[in-house]
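**Student:** Input sequences plus hints: build the corresponding full structure.
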Amino acid sequence: MAAYSQTSPYYNTPQNKISMDIFVPRAITAELDDVTYTIDRIYAYRPDLLSYDLYGTPRLWWVFAQRNPNRIEDPIYDFYPGNVIQLPKMSNLRSDLGI
Amino acid sequence: MADLGSIINSVTNVSKSVGGVFSNVAERLNRSGLFPGAQPSQSLTARAQWSVRDNATDFRVKITLPPEGTLKATYFGGSSEILAPLEPEKGVIFPLTPSIVLTHSASYQELATTHSNYPFYAYSHTDVPTINITGDFPVQNYQDAQYWVGMVHFFRSVTKMFFGADNANRGNPPPILWLKGYGDYVFNNVPVVVKNFSVTMGQDVDYISTSQNNSVNAVNFEVTNKQESSSWAPAMSTVNLIVQPIYSRESTKNFSITKFINGEISGNTNTRGFI
Chain X
21 MAAYSQTSPY
31 YNTPQNKISM
41 DIFVPRAITA
51 ELDDVTYTID
61 RIYAYRPDLL
71 SYDLYGTPRL
81 WWVFAQRNPN
91 RIEDPIYDFY
101 PGNVIQLPKM
111 SNLRSDLGI
Chain R
581 MADLGSIINS
591 VTNVSKSVGG
601 VFSNVAERLN
611 RSGLFPGAQP
621 SQSLTARAQW
631 SVRDNATDFR
641 VKITLPPEGT
651 LKATYFGGSS
661 EILAPLEPEK
671 GVIFPLTPSI
681 VLTHSASYQE
691 LATTHSNYPF
701 YAYSHTDVPT
711 INITGDFPVQ
721 NYQDAQYWVG
731 MVHFFRSVTK
741 MFFGADNANR
751 GNPPPILWLK
761 GYGDYVFNNV
771 PVVVKNFSVT
781 MGQDVDYIST
791 SQNNSVNAVN
801 FEVTNKQESS
811 SWAPAMSTVN
821 LIVQPIYSRE
831 STKNFSITKF
841 INGEISGNTN
851 TRGFI
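Chains as they are written, first to last, in this note's numbering: chain X, 21 to 119; chain R, 581 to 855.
None of these hints come from the bench; they were simulated from the model.
Using N, Cα and C, we set each Cβ at its ideal position, and we do this for glycine too.
Honestly, I wouldn't trust all of these hints.
Some, not all, of what chain X presents toward chain R, calculated at C-beta under 10 Å [as the list claims (entries may be wrong)]:
hint : residue
1    : Ile96
2    : Met110
3    : Leu113
**Tutor:** See below:
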């Protein structure tokens with residue numbers, strides 16, 4: 021199988037020649053001064069757009085769900101307006117994900 | 581081969597599309613109150629703070645009651661809340677630097693003798709005419725509006741004589757106030773009386789409602805004990821004062837030109853300041 025890139029949520033998940041193993045989540049550092057953000061209509065159901073605006077790439081769309089497991093279960097449909105989430109800082113993503 | 585016009589057009593289109601992308605991103609982030617990289621805003625963590633001021637470094641222009649005497653109890657000792665915002669300084673501080681016109685004059689009488697080319701001038705007297713103070717008074721919140729209402733009421737009060745059977749000072753003229761500002765040797769405890777007070781309340785500004793009975797938390801500026809609004813203050817007004825320096829016969833006995841030249845009686849020892 022092809023290797024996943026460092027911006028992928030599956031980068032740490034083992035795989036064999038035909039399938040993936042059990043999903044290994046990628047930890048993202050949580051800090052006290054992470055920005056608290058109430059999702060508004062601009063980014064409703066568009067974590068890719070928020071990722072692009074904040075980090076310059078849409079490939080980190082999944083980090084919001086990874087950083088807020090208590091608020092986001094479905095990365096897309098739980099990204100609804102009014103949901104209050106914490107935004108991981110780019111500097112932490114760089115060190116955590118090695119990008 | 582592409583001509584120059586088509587190249588310029590294509591470059592223009594590329595720059596427009598690139599600029600549009602960046603402006604869209606910035607606009608979306610701005611509307612959401614976010615910063616690139618999800619960095620916390622510096623302004624959220626910064627806290628404004630007044631610089632430390634004490635009597636020695638505070639050069640703001642103030643007009644206050646004199647520290648001694650019973651006038652403080654008359655103006656600020658009652659149960660009225662109108663003058664309460666002015667109580668800490670026992671008077672008014674101009675929030676912005678006012679414009680002050682100060683004049684000193686010496687009068688000479690002309691003695692024009694007959695058949696002379698040059699008249700003689702005989703010294704008559706020296707005078708410190710009225711001081712004209714004009715300052716802007718901005719009001720931005722509840723607390724400012726309370727202060728503005730108190731300021732107007734204070735100057736109304738100090739232009740009136742003591743009248744009424746219930747006042748122990750009845751029969752006395754309006755009080756002598758102290759003018760302070762810009763430190764030693766400028767306006768340092770100059771005794772003045774208010775000859776004229778005017779405030780311009782414009783028609784083209786907002787008016788902010790307030791109630792003198794409300795109190796404001798000094799830390800988070802939340803209004804506590806909020807009551808029905810009872811007064812409105814203009815968001816910006818111009819206050820004009822004409823004050824007259826006034827020295828009693830008793831205090832002028834202590835005047836000495838030598839001390840005056842040396843700055844010893846300019847009010848820097850908590851006494852009346854001669855100007």
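**Student:** Take the hints in turn and mark each one as holding or not.
**Tutor:** Structure-based check of all given hints:
{"no.": "1", "hint": "Ile96", "result": "violated, 18 Å"}
{"no.": "2", "hint": "Met110", "result": "holds, 4 Å"}
{"no.": "3", "hint": "Leu113", "result": "holds, 9 Å"}
In the structure shown, a violation is registered for the earlier hint numbered 1 alone.
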